Amino acid sequence: MGISAINTSNNLLYLLTSLLLGFMGASGFLGKRNLSNLELDVEVPEEVYAGREVPLRLKAANRKGLLPSFLLQIEVNGGKVLLPYLDPNSEACLSVKVVFPKRGRHEIGPVSISSVFPFNFFRRRVLSGKKKEVVVFPSPKPFPIPNSLDRERPAGELYSKDRGVEGDLISIRDYVEKDPLKYVHWKQSARTEVLKIKELSDTEGRSRRIEFERIPARDAEERLSFATYLVLTLMRRRVPVGLKIKNVLFQPGLSEAHRRSLLKELALYEECMVP
Amino acid sequence: MRSVWFLKALTFSAALLAFLSVFPFVGPPFLFIFCVIFSISVLIESKELFFLPRYLLNLLSLFAIFSFFLRFSLDGLLERLMESLLLLLGTKLMERKKFRDYMEIYAISLLLLAGSGAILPSIRFLFLSLALLIVLNACCVFLAFFVEAPEVRLGWTNIRRLLLTSLFVPCLAFPLATVIFIVLPRTEYPILSFLERPRSVRTGFTDTVRLGVTSKIYEDEGARFRVHMERLQGVDLYFRGIVLDSFDGVSWKRSDSRPRRPPPLKGRAVSQVVILEPQDHPYLFALDRPVELNMKDARAFPDLSFVSLRPIEKRVTYRAVSLLSEAIPASGEDLRLFCEVPPTISRQIRGLAFQLTRGRDEEGKVREVTEYLKKNHLHVLSGLPVSKDPLEDFLFVKRQGNCEFFASACAILLRIAGVPTRLVGGFKGGYYNELGGYYLVTGRHAHVWVEAYIRGKGWVRIDPTPPSAPPMNLLLRLRMVLDTVNYLFYRSVLGYSLEKQLKILDLLRNVRLKRPSIRFEWNHLLRFLLPALLLFALPLLWKRKKRSREEILLGLFLKRMRRMGYLKRPCDGLTEFVFQIADRDLRERVEGFVSAFEALYYRDIPVGKAEFNRLRGLIKGIKKKTSSSPAPKGPLRPR
Chain A
15 MGISAINTSN NLLYLLTSLL LGFMGASGFL GKRNLSNLEL DVEVPEEVYA
65 GREVPLRLKA ANRKGLLPSF LLQIEVNGGK VLLPYLDPNS EACLSVKVVF
115 PKRGRHEIGP VSISSVFPFN FFRRRVLSGK KKEVVVFPSP KPFPIPNSLD
165 RERPAGELYS KDRGVEGDLI SIRDYVEKDP LKYVHWKQSA RTEVLKIKEL
215 SDTEGRSRRI EFERIPARDA EERLSFATYL VLTLMRRRVP VGLKIKNVLF
265 QPGLSEAHRR SLLKELALYE ECMVP
Chain B
2 MRSVWFLKAL TFSAALLAFL SVFPFVGPPF LFIFCVIFSI SVLIESKELF
52 FLPRYLLNLL SLFAIFSFFL RFSLDGLLER LMESLLLLLG TKLMERKKFR
102 DYMEIYAISL LLLAGSGAIL PSIRFLFLSL ALLIVLNACC VFLAFFVEAP
152 EVRLGWTNIR RLLLTSLFVP CLAFPLATVI FIVLPRTEYP ILSFLERPRS
202 VRTGFTDTVR LGVTSKIYED EGARFRVHME RLQGVDLYFR GIVLDSFDGV
252 SWKRSDSRPR RPPPLKGRAV SQVVILEPQD HPYLFALDRP VELNMKDARA
302 FPDLSFVSLR PIEKRVTYRA VSLLSEAIPA SGEDLRLFCE VPPTISRQIR
352 GLAFQLTRGR DEEGKVREVT EYLKKNHLHV LSGLPVSKDP LEDFLFVKRQ
402 GNCEFFASAC AILLRIAGVP TRLVGGFKGG YYNELGGYYL VTGRHAHVWV
452 EAYIRGKGWV RIDPTPPSAP PMNLLLRLRM VLDTVNYLFY RSVLGYSLEK
502 QLKILDLLRN VRLKRPSIRF EWNHLLRFLL PALLLFALPL LWKRKKRSRE
552 EILLGLFLKR MRRMGYLKRP CDGLTEFVFQ IADRDLRERV EGFVSAFEAL
602 YYRDIPVGKA EFNRLRGLIK GIKKKTSSSP APKGPLRPR
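Going line by line, the protein sequences match chains A and B.
Letter by letter, the first sequence follows residues 15 to 289 in my numbering.
Letter by letter, the second sequence follows residues 2 to 640 in my numbering.
Certain hints may be false.
Claimed, not checked - Anything over 10 Å on all C-beta distances counts as not near chain B; from chain A, calculated:
#1 Ala-19
#2 Pro-59
#3 Pro-82
#4 Asp-101
#5 Val-113
#6 Phe-135
#7 Arg-139
#8 Ser-153
#9 Pro-156
#10 Val-190
#11 Arg-205
#12 Leu-246
#13 Lys-258
#14 Lys-260
Stated by the list, open to error - If the Cβ cut is set under 10 Å, some of the chain A residues that face chain B in the computed set are:
#15 Thr-22
#16 Leu-26
#17 Tyr-28
#18 Leu-35
#19 Gly-39
#20 Leu-85
#21 Phe-131
#22 Trp-200
Hint data in this document are derived by calculation from the structure and do not stem from the laboratory.
These figures come from a predicted structure and were not determined experimentally.
The C-beta atom is built at its ideal place from N, Cα and C for all residues, glycine as well.
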């Protein structure tokens, strides 16, 4: 168009050329504004396992006062999701499914936001959000659980007759001063009109310790997968689990924090940062 | 609504606009074919009927391209190209469209528009190109949606938002395009200038004056030229064109056309820029009496007429300088030539001339003849004398005629009396356009007058035709406003050239930045600041207006209560607030409103107009009751 304008000296062709160039410039500006003042936050689930699809929660916010944002393609760690429009001064939540193939430390982000708006001639891209670190646990692989767990209580016997804090109910007795309130058996107390206290057995007796090096497997990765499976399965059955790995000993426990620390130890076994 | 439907509607609109741009240049068969194809395509798309196979449409496209080569000719090359492109556009419209097909339709539409601009530069192009580009802009935006998110169904709200946002592009593009238009490189020697078609020529002004041929003259309001200059007050506005000196009894001709040096003149100088419309004669017009005319290939004659050596087939612009002098000194011409009277002039005319001028000096003769014609003859445009001796018919039988009769009769009567005369053809008067600062001279201003040679003075203008100025009616005023747009478009767009570009560059180079002197002026404040404030305030007002009915009701209620001395704390609910009112009557009324309001508010449906009015009535009721009795001091925070 520009060449024909020059060769004919026709001002209307010059005008059309100018208008087209003007539109191109303006579309570039609008495309840039479309991606400006956007905030993205990624929320990572607490437990991420290698090779399994995990939904990342994205919170996108448009901080522009006037202009909405259109056709936002959000890409994070290989996962893509399209947000067709985001109003000015508004937020939207969406999720994107991501797979981490290997265990260990991974970086999440930076999140790439791209858009073809307004004309689909070019794709403009910006990087948003800070990088986050996530520890990906090994992928659990089924491993036979020792039968001893079931054999120990063939007819409903107790694991231990010692008193503890989180085992089975051993007996009910009267309340003594300074007993913790959480052990009050309210039903019995109401029935007898005397405060009654539950006495629980100790769980140490049935706790298990995983000797990592002694798990039979082809290689270390498979061994880690078996160990992860054992940790998850046993703790799901309320069996306190300990771990001995590379001369590090974790005493048996049942808490969530304990479980994660075991899984984290397994995830970071002889591992460096995965880019 | 799926974005694809909106995209289809916009695409067909773009194709229609492209068609409208080339409509005047395309042959009827092509117009017909395109209209049929367009209608079929609309039907196919709307009903989603069968689409023709792509190979068949490709064959049709090839046929459209070959049809151009088969009819190839340099004459009307662009028109043929447009016809083939129109067929291509039609073929594309019939296809099952993908991203590529949509883009092809938009490209062909742009080419058609460009072609129409290349064939005939006019302001129509500006409007069509703006409309087409705005539509294409929306098309591209929806096409992006169609490609990226084909399954997204856009509600009307989102379509409106998308359209409004896409409008930012033209809003930004137009000022940007203005700058680009000014700076784009230009050349004085275009290679493809032959493609530009000369404009058709209109009649009106002729380079001969022929009497007795027609009985009626149709007034033509078509623009002949525009003269950009100051408004002249108290000056007769005559635009000089041709000078005719030889009369054969029926028609006036120009005998001496040898160029000589123009005579020296004195008087007030008026410079003008004349934009002349295409015409079929070479004469150039300027305010009487022109002494200088700057135009390539223009020549001057000693009788102060100017001609172009090139045919004026398209609009031309030239500068001219005229002197408002009383007379033109003789420049060595043979005055006897201007006293020649054809032998066919009757004795009766000769007798009249002697009778009118006997015993008078030259000025007296001029005065007598002019007054005689003005008093005894009517200026008309119909019922003109048609005979073999039209002058005699005009003077003694019909006694009515147009300016050509008046001027011819005056010139001949004076020549018989021994006063050298000649006819000057041009235009008298014009509409002054205040907005554009120019005179619009139309076909109805075409005029012929006489120049008589008075010894000691020179050639003096004599106008024996009685004046008949057309009134400036509303239609004409409207036309002047529209003409301003046309004029400005020509001056700023069509007339923009390398010369103007260099001038702007020169101007910018000579700009010296000075320290600005800041002075506060109320005029500026009112002119710029207030509109700016209004501009910012309007969106706020709009936002305020957009409050929900629930919010408005609550606001009204709290305002009433505040006036009565009850101030609701932010931590209080409405029910708690009611309990804190000591006055039982008031509390009952407030309770009535609050329970009604809460019933509506918590049902999760917007409050209707009738409900809104009912609740507002309840609020007013609270006010009425309390106005009769003094407000009790509230337990919370009395005002």
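Evaluated hints:
Look at A:Ala-19: its CB is around 7 Å from the nearest CB on chain B, not clear of 10 Å, so calling it non-interface is violated. Against chain B, the non-interface label of A:Pro-59 holds: every CB pair exceeds 10 Å, the least being about 27 Å. At the 10 Å boundary, the C-beta of A:Pro-82 falls inside the reach of chain B, the nearest C-beta of that chain being 6 Å off. With a closest Cβ-Cβ approach of about 8 Å to chain B, A:Asp-101 is found to fall inside the 10 Å limit, against its non-interface label.
Its beta-carbon lying about 24 Å from the closest one in chain B, A:Val-113 satisfies the requirement of being farther than 10 Å from that chain. The Cβ of A:Phe-135 does not lie farther than 10 Å from every Cβ of chain B; its closest approach is about 8 Å, which violates its non-interface assignment. The non-interface label for A:Arg-139 is consistent with chain B: the shortest C-beta to C-beta separation is roughly 14 Å, beyond 10 Å. With a least beta-carbon separation of about 34 Å from chain B, A:Ser-153 lies farther than 10 Å from that chain, consistent with its non-interface assignment.
With a cut of 10 Å on Cβ distances, A:Pro-156 stays outside the contact zone with chain B, its closest approach being about 40 Å. The beta carbon of A:Val-190 sits about 45 Å from the closest Cβ of chain B, which is more than 10 Å, so the claim that it is off the interface holds. Distance check for A:Arg-205 against chain B: the nearest CB is about 41 Å away, which clears 10 Å, and the non-interface claim stands. A cut-off of 10 Å between C-beta atoms confirms that A:Leu-246 is not in contact with chain B; the least separation is 39 Å.
Distance check for A:Lys-258 against chain B: the nearest CB is about 54 Å away, which clears 10 Å, and the non-interface claim stands. For A:Lys-260, the shortest C-beta to C-beta distance to chain B comes to about 50 Å, beyond the 10 Å cut-off, and the non-interface label holds. Interface hint at A:Thr-22: satisfied, since its Cβ lies 5 Å from the closest Cβ of chain B, which is below the 10 Å cut-off. With 10 Å as the threshold, the beta carbon of A:Leu-26 comes within range of chain B, its nearest partner Cβ sitting at about 3 Å, so the hint holds.
Using the Cβ-Cβ criterion of 10 Å, the hint placing A:Tyr-28 at the interface with chain B is satisfied: the shortest such distance is roughly 6 Å. The beta carbon of A:Leu-35 is positioned within 10 Å of a beta carbon in chain B (closest approach about 5 Å), and the interface hint is therefore held. Annotation: A:Gly-39 was flagged as interfacial toward chain B, and the flag holds, the nearest CB pair being 5 Å apart, inside 10 Å. Interface restraint check for A:Leu-85: the shortest CB-CB distance to chain B comes to about 5 Å, inside 10 Å, so the restraint holds.
Interface hint at A:Phe-131: satisfied, since its Cβ lies 6 Å from the closest Cβ of chain B, which is below the 10 Å cut-off. The interface hint given for A:Trp-200 is violated, since its Cβ lies 35 Å from the closest Cβ of chain B, which is over the 10 Å cut-off.
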